[in-house]
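Novice: Sequence:
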Amino acid sequence: MKVARVAFYVSALGFLVVGLRELLTGFEENRCSMTYMFEYPEYRRVALPRRMARSYPAYGLYLYGEGLYAQETRHLKLTGTPVLFLPGNAGSYKQARSLGSVALRKAENVEGGIHLNVFTVDFNEELVALYGGSLLRQTHFLHESIKAILRLYKHLKTPPQSVAIVGHSMGGVVARALFTLPRFNPHLVSLIITQASPHLAPVLGLDPFLLEFYAAVRQKWVNQANKLRNVTVLSIGGGYRDYQVRSGLTSLPCPPGDPNKLSLVVTAVPRTWVSTDHLSIVWCKELVLATVRAFFDLINTEIRQFTDNSDRKLSVLNHHFMRHPVRMVGDIQDTFVSFSDFPEAWTEVNTLRLSYSTPTEGHVRYFLFALSSRRTAYSHFYCRSNNLETSSWVFGCVQRNGSSCVKAVDLSSGTELLPPYKVLILRLGDLSAVSHLVVSASNLNGKPGTVECEWQRQEAQTLTVSVPHVLSLGFTASEVLVNSSGLLHNIQLLHFHQVYQAFRISLVSQCKVTKDRLPSVYRMKVPWFREDSFTTVSVPSVAEISGMLHTSRPDNTSSVLLQLHTAPNCQYKVSVRTSLPKVLGQALRFCGPMVPVYTAVTLFLACGGQLLSVLKSRGTVDMSQAVAAGLQPHKINLPVYVLSVFLSWFQEVWSILSLPPVDTLPPTFPDGTLHEGLLSPEDWPHLLSPLIYIFGAAVAYWGSTLLRLLIQIISLVLAPLHRPSVSRDCGTLRTRTLLFISLCLVVVGGASCGALAIFTSSLLHLYRVVRLQMTERSLRHMLNLAPQKPKPADNGSADTEAWNGAKDFSNAPLLSECALQEVRTDLQLHFSMSAVFMLPVMLGMPSLLHWIRNLRFSTQLDPDPLWPHTVPLIFAYLLLINCNSSNLSSSRLLPLVSLLPLPLAVTMATFSSLHLYRITYFLSAALVPLALCCLF
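Going from the sequence shown to the numbering used here is simple: count from 1 and add 106.
Hint data in this document are derived by calculation from the structure and do not stem from the laboratory.
All residues carry an ideal CB built from backbone N, CA and C; glycine is no exception.
Among the hints, a few may not be true.
Unchecked claim - Distance windows between CB atoms, simulated:
{"id": "1", "residue 1": "964", "residue 2": "1009", "range": "37 to 45 Å"}
{"id": "2", "residue 1": "498", "residue 2": "648", "range": "33 to 41 Å"}
{"id": "3", "residue 1": "331", "residue 2": "548", "range": "20 to 28 Å"}
{"id": "4", "residue 1": "292", "residue 2": "155", "range": "16 to 24 Å"}
{"id": "5", "residue 1": "150", "residue 2": "648", "range": "51 to 59 Å"}
{"id": "6", "residue 1": "504", "residue 2": "548", "range": "16 to 24 Å"}
{"id": "7", "residue 1": "849", "residue 2": "740", "range": "53 to 61 Å"}
{"id": "8", "residue 1": "461", "residue 2": "391", "range": "29 to 37 Å"}
{"id": "9", "residue 1": "531", "residue 2": "292", "range": "38 to 46 Å"}
{"id": "10", "residue 1": "843", "residue 2": "1001", "range": "27 to 35 Å"}
{"id": "11", "residue 1": "116", "residue 2": "793", "range": "21 to 29 Å"}
Please take these sequences and the hints and turn them into a complete structure.
Specialist: Below, the structure is given as structure tokens:
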């Protein structure tokens, strides 16, 4: 039985490690280019009003500068456009150097002296993603900082009235929280760009202040969306490299149809096309360049400040972050384009496909495609060019002169930039006013390039394939063969729409003729969210794509599209196979916050099992056996689902009673809202909850084993410092000492930090466990050294009489065996308790670290998330130090207390998946009655 138990938990740990490995390493290598400073960076502190400096001693405001610019701005006489950078969780204000340095280099090439003044806020590197007590304080300081920045421009004739904000991680959430302040003027912020900011929900809800902060921000931006409709916000997720904040959380929660709230993943940003981790998204050169270019395009050159025109802001952001067409919407352009009359520069194409390579010397070349003979047979015109200059290159002819076009309209606005070339797809049904298409293959700069165009029938270019079921575990594959007679093929991946699905998509290309070709581009296109990914390969080649989603499908009208920009006359074999490691990685990515909940559930039930064993047999079982018995899905997962369904029927009555709703994981839909007729976010995690329960039980099993090993090592180290003991009461406290320590810890918790007091009391209990371990070892050694006399045969001899006379001598080992059994019973009981006691300590560790880091500013943690639990947990911990199995078994409360762990565990699993801090509430509800068993 023991071997089977260990084998099961070894297997569970193996699956957990595989999932963690896929989550932490199962992505592409970092292909971001580093941003470098050309001169030494300087951060000039901006003096703040005395009242503000006293109120926020840990925070500061700085202006970034380098070289000559830093010297020119040392007196803070500024003439640029203000941009404010906000660091995130444990982030440094010096992270602004990438944005500031690139902005300075960009300003050198801009006429008129237009430049950016990049400010940055020092939030003292606070752990605001884990401790939410500082978020409101940071928001108020940000408000004051914006007003201080704008005061620096009062000497100008037309001073700026607003600032643009770039917020990294939690800094982006704080930027949106500005609008919840009662005295905040919304016109002070013209634009917010957030990088890897978890807008939908916190990654881990470790304290109530963090959840309350998010609720206030969400209520403001969702319920009062009409008042904030003109505020432009762009949220950028880091992709799969960012395992700290999954990209689905970066989606902005807002009503559908708001054009000024944009969410996307960095892999879909033109000229970037890379995934970034949580830190590299700040310094990734490709993304920083896109951000700086957008800022300069947003400046109104007449007033030298950011434009207030929402349409212009939307056009610029769309250009740099979404599609990157030839020109931005709203740019002034001529209605018609005229061409010079050079007949030798014109060539009419009568074939179905054009492939043309420009020579190295500069020349002018135009290709003319007649529409009249193609409208009925074809639906689209596809063209691509590896000349990536953002200039007009495809036109619709409205007036001809012989074999050339005289007047045309520009059709290049729909151009989309891909990694190796730009692509334009025209729908022939929209070109009724033109007679011919004109493609410019001019090479004025002398750089060689290639242009490929063809007529297409959309239905002939589209294939469908059903993806394998997620439970196929990779044993079956769906395949499709593409005989590429064209340049573009679309493969519809049917039934691929949920975040827990994960596939390995392999693409093998083969060509009959070996020659130089443009590379192929494989695009994973997700219609309901801007999370497209691109893979560029040469031809022929073998490539593998990870088929995973950041968000689930919000409706039944779309599915994932695999778009192949192929080489002509080549064959492509596409194979889709479920990947078990990637499925496990997705399960941890989206349901990972539930693992600590089920770890607590397992330890809870293990402790309850020990209490039942004491009640029935006055003894305990081995700790590993007790923890293994804590895995009871039939008693947890099924009641949790039934309770969730039941409460959903009586949701209104439940809310009238002011009781908390059933906890659910953050929505996986892009806008954070629920959609009817689909597997909702409340439902699909229930399907994965048994797997997450097994992962949580594995963490509890091996964590308790590690704790036990650690205690044994500590007992060996401390043994020379203690006198050997054979009493089960070793490590206990006298009543007066217990009261004195309790009062001291309560005072310490109230005057400084509750987590510190709880941590100290857990150490006292841990010392009790260490002393029990020492005593158990001492008694074992005594039994091994005790003399053992073999009992002679009962033949009435003198030896028999001598043995009977020595009975009193043999009683000592028997007494030692009884004492050893009592100590072992108490040791296993306290082992189980110490594992449970570690949970509040771990949940309170972020607030303890925050308090330690801010000791030089304040000796009291305000607000303190653990203050409601300080008194009950301290008294429970200290009372249980003196507890033993004999006291418990004789307690009148034990029959009732032993029944509490199971219902509390079910309630914990129902209401704590998002609000992790509620675990401490349930622990208090169980430990306080258990402590009372020691008294009554």
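Novice: Compare the structure with each hint and give your call.
Specialist: Structure-based check of each hint:
A C-beta distance of roughly 40 Å is found between residue 964 and residue 1009, which places it inside the suggested range of 37 to 45 Å. Evaluation of the 33 to 41 Å hint for residue 498 and residue 648 yields a pass: the beta carbon distance comes to about 38 Å. Between residue 331 and residue 548 the CB atoms are about 47 Å apart, so this pair departs from the stated range of 20 to 28 Å. Taken as a hint, the range 16 to 24 Å holds for the pair residue 292 and residue 155, whose Cβ atoms sit roughly 23 Å apart.
The hinted window of 51 to 59 Å between residue 150 and residue 648 holds, with their beta carbons roughly 54 Å apart. The given range of 16 to 24 Å is respected by residue 504 and residue 548, whose C-beta atoms sit roughly 20 Å from each other. Checking the proposed 53 to 61 Å range against residue 849 and residue 740 shows it is violated: the Cβ atoms sit about 45 Å from each other. The hinted range of 29 to 37 Å is satisfied by residue 461 and residue 391, whose Cβ atoms lie roughly 34 Å apart.
The beta-carbon spacing between residue 531 and residue 292, approximately 40 Å, falls within the hinted interval of 38 to 46 Å. Between residue 843 and residue 1001 the Cβ separation comes to about 31 Å, which falls inside the hinted range of 27 to 35 Å. Hint check: residue 116 to residue 793, Cβ distance near 25 Å, so the stated range 21 to 29 Å holds.
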